[in-house]
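J.: Chains as they are written, first to last, in this note's numbering: chain A, 1 to 670; chain B, 1 to 268.
Now the stretches of chain B that chain A is said to cover, found in silico as 3 or more residues with beta-carbon under 8 Å: (1) 29-38; (2) 48-62; (3) 173-180; (4) 184-194; (5) 252-265.
Heads up, incomplete: computed chain A residues facing chain B, CB under 7 Å, no partners named: (6) N363; (7) T365; (8) Y366; (9) K551; (10) P552; (11) F556; (12) P621; (13) F641; (14) N644.
EDC-like, lysine to aspartate or glutamate: derived pairs with alpha carbons at most 20 Å apart: (15) K598/A - E180/B; (16) K177/B - D457/A; (17) K626/A - D39/B; (18) K99/B - E58/B.
Quick caveat, the hints were computed from the structure, so don't treat them as lab data. Predicted, not measured: the structure shown is a model, and the values here were computed from it. Virtual Cβ for every residue (Gly too), placed ideally from N, Cα, C.
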Amino acid sequence: MSEFLNTQFSITGIKDFDINQNYDQYDLVDYEFYTGNSVYPANLSGLYAWFNLDTLNNIEFDGSGKISLWYNSAPGFSEQNLVNVDATVALDSRPTYDSNRNSVVCQRSLGEIFSYNQLYTTQNFSGFLTGDRCWFVVFEYDDLKNGLFNYDAGSPYGVIYPNYSTIINTDSANAYVTSGALMVYGNNIEYSWNTSVPKEAQQFIIDTITSNGIVSPPPINSSFSASKLLKKKSIVSIIKNNTTNNFKLRNNGCELLNLTSNYFYSGAAGLRIGTAGNGHVGANNIWNYDASAISYYEIIGYSKTPTDEQILQIEKYLFEKHFMNDDGLYMANQDFTSSDYSYAPINITGSRYLTKNIDSIFNKTYGCSANFATKASKMQYGDGYYTNVVSNINNLTSDFKLVYDGLTDIQSKCLIGFFQNTFEYEPIGLIDSYQSVDIDLFYPYKNNAKIYFNSLDYSSKEANLNTITITCNSPYDSNLDYKGFLVTGDNVTRLFDQNKAYFKDDVSFFKTTSSLLEDYYWYTGTDNKIVSIDENPTGVNSLFTRKFYFKPDLNFQIPVNPRYVKTEYAMTAPVYENDGINKTVLDFNLNFSNRSDKEALAILKFLDNKAGFKIFEIDLPDPYNKTINVYCPEWNHTYKFYNNHDISVKLLEFKGLTSSDIYFNTLISL
Amino acid sequence: MSKFIKYENLDFRINNDIFYSTSVQISLRTNIEPVLLSDGSLLRYAPQGTVVGNLNTEFFLTGAYPSYLIPTSNSENPVNALFAGIQIENCYLKTVSFKASQFSPISLNAEFDWFGKLNTVDSTNNLKQFYFNRNQPLDNISHSNRSYISDLTNVFGFSEIFGFQYSEQCERIPFFKNGETVPFRVAKSNKNKSVSVDGNFFKQNNVSDVEGKISNCDLYIKDYNNNLLNIFNISGRIESRGINASNNGILQSNLAITQRLAPLRNTL
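Put together the whole structure using the sequences plus the hints.
T.: In structure tokens form, the structure reads like this:
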């Protein structure tokens, strides 16, 4: 571990990642790709291909917004670019640009059945390179599209075979991918063909012939065959020495192949990305082709065989550029021995043992809580009238306390280290905050919120028995956008269905042409009832409501503090005078203790939907027993135990919605 | 006609080891609270904690003392208990105690908390005899005849010991993952041991040590034939002494020793 990093943590005992090292569960492991320096690609001789996305000027778009050209940034080779000159309006085979990931995305278009995206070099590049060469490619395999092994899809499709996904093909002159091609092959989310890899996983294949790889690609050596790819960004390095015929293949710093072979020997006529020819096309030209969903971040080519140190320097350049925050601290999720570089956490093998996924090794326990408060400004108009001014789209602040109870000492140390490491993350973009923490919240809050840790509270009961509470927040969820709601999921976002049986506290969104009536509604009737037309959310005998109909606990307080003017005099008793109208504006808190999961979900969805400033009706309990308008600027929720939640809400009465209240009472005397 | 099940011998097992048990009790309790609403109505009974079961058994030791019956050990693992067609997979030991008094067999008491489900079969049907003759000869069971307590620090002062009671216990604290009712960890806390010793007049005059007199004892538990079954150790402080005498009775004194176990932290 670096001296600097060591000073940033309050704990000790952080281990460096190394091969031939034993690690215990909950060890904190500092991972660095390569301890040497990186090198700028143009500073190494022999650079002939450099396709990067450092600036958008490096790509050109056609009229439909697709990429028609990717400029070669290698000095002296500016005319040898990746293009697609075959695209037509009906068959647009050009890739797209993903601005979120800053990548070129090649995938099959569902709307264009026969079309897959690709870029390739033209005659300028063809035949250019025949000697020693190497490629460094940063890509992300997204998904293997379609294809079902030996599956008869029926007429007109016939038998469907699994597909290859080509990473690069440097022998574009060859119709089939028999030389100079690196591909992945495996299983997609729908079906598993390849028995060597798990569902959704891929493995590398090189220079395959059409009959190979249908069930299990031919092994080259154990290390290569054991390499697996998941949907994850990868750096592959392909090093070919045409003099000795030595061939090296490296994936994320791990050497998979180092042997004398004809791989990548016969052809280096050009470069094709996104797809290549496929021998299965004859069986079914709709589904079977060498194409998939694959994204490219950067491609570098040299006309030489670099030294081992130069390989590491280039790989480190790409790692630092494209693997932001993939270095640093990892947690060991089990005991293991790192025997080679495949155990690095950026590799598939290593990712099974070293993780930054806090949810995979620590349990959030009961007592987790959430606090919400609006940042809306209250603008007073006098006479009890006011309005809420929402000054930004993130008006609702949401703070969460995540409780980790019952931790051993070793677990506590691990969690504290992980917590501190989140403050070492770097921003992904120039104007972004540093990277958020990938963590789930707790019921019923969504699991894809951008979470930032704020503070950690450690407490010890005795040796090996500790509690850690992490306070965090979700600052980028806007309640003005339904996707920013924190209470999401099918149970609270589904549309009203006239044929569905409803249970008390069910939440449903009612779509209608009236913007005044289109909203979330809460079912208040008896359980398991299919409502009639009259009983639907806007029916005359509706069993749904938009009121805050939840009954608070038996012990509640609603204070009444009327507004008046009290004038104090020095020598006499004070004078009390009326202060306009709407003298009483209620300000009270209600508690909803020990509520079930379902009722808590309904309450929290209601409050989430009101975003801290929207007005709604509530029936005050006896003895008040009156319907008033309120809004809820603050509420908090504690997940107390299984099927048991405590919720408290602050409610402020809102005057002004009822027209009869509005009148002037100002006497002007001359 | 009513149907009764009479047990002449209990087939009680822990981790499939047969125990010469004289009684087993299983119970459970919920932790619920009524929820009353503002209009006075009753909404529900809300769970405040999980259902906690209790298993209590008395048994005679007939062989080596098993390691899973040490409440103060570092292991927090549960044991599997089987009794009367009921299997409980997650039993967490809380207490082990016994009393040795003259001429009496030593019956040990063990108490467990348990969580989760019972795996039951109808114990009124398919009754079968034990797989083998598990009735132990009476001279094979733990007995006071040869068992004794050794005052290693020589602080008792008794010339004769009438009997002693030993207890070893801890608190079990369950921790639950959100949304679950079976704990992922049942931690041990507040581990302690205690022994009380009854003897004759104690020949000690310096008995008012404010920090308690240091005492280290070994308790040798043997069967009737002098076979050693286990040695319990307590290394603590004498926290109380007493002498009592009554008409037509003998003078008897007693002392109690307590030990709080303090495991060290370990983050290496």
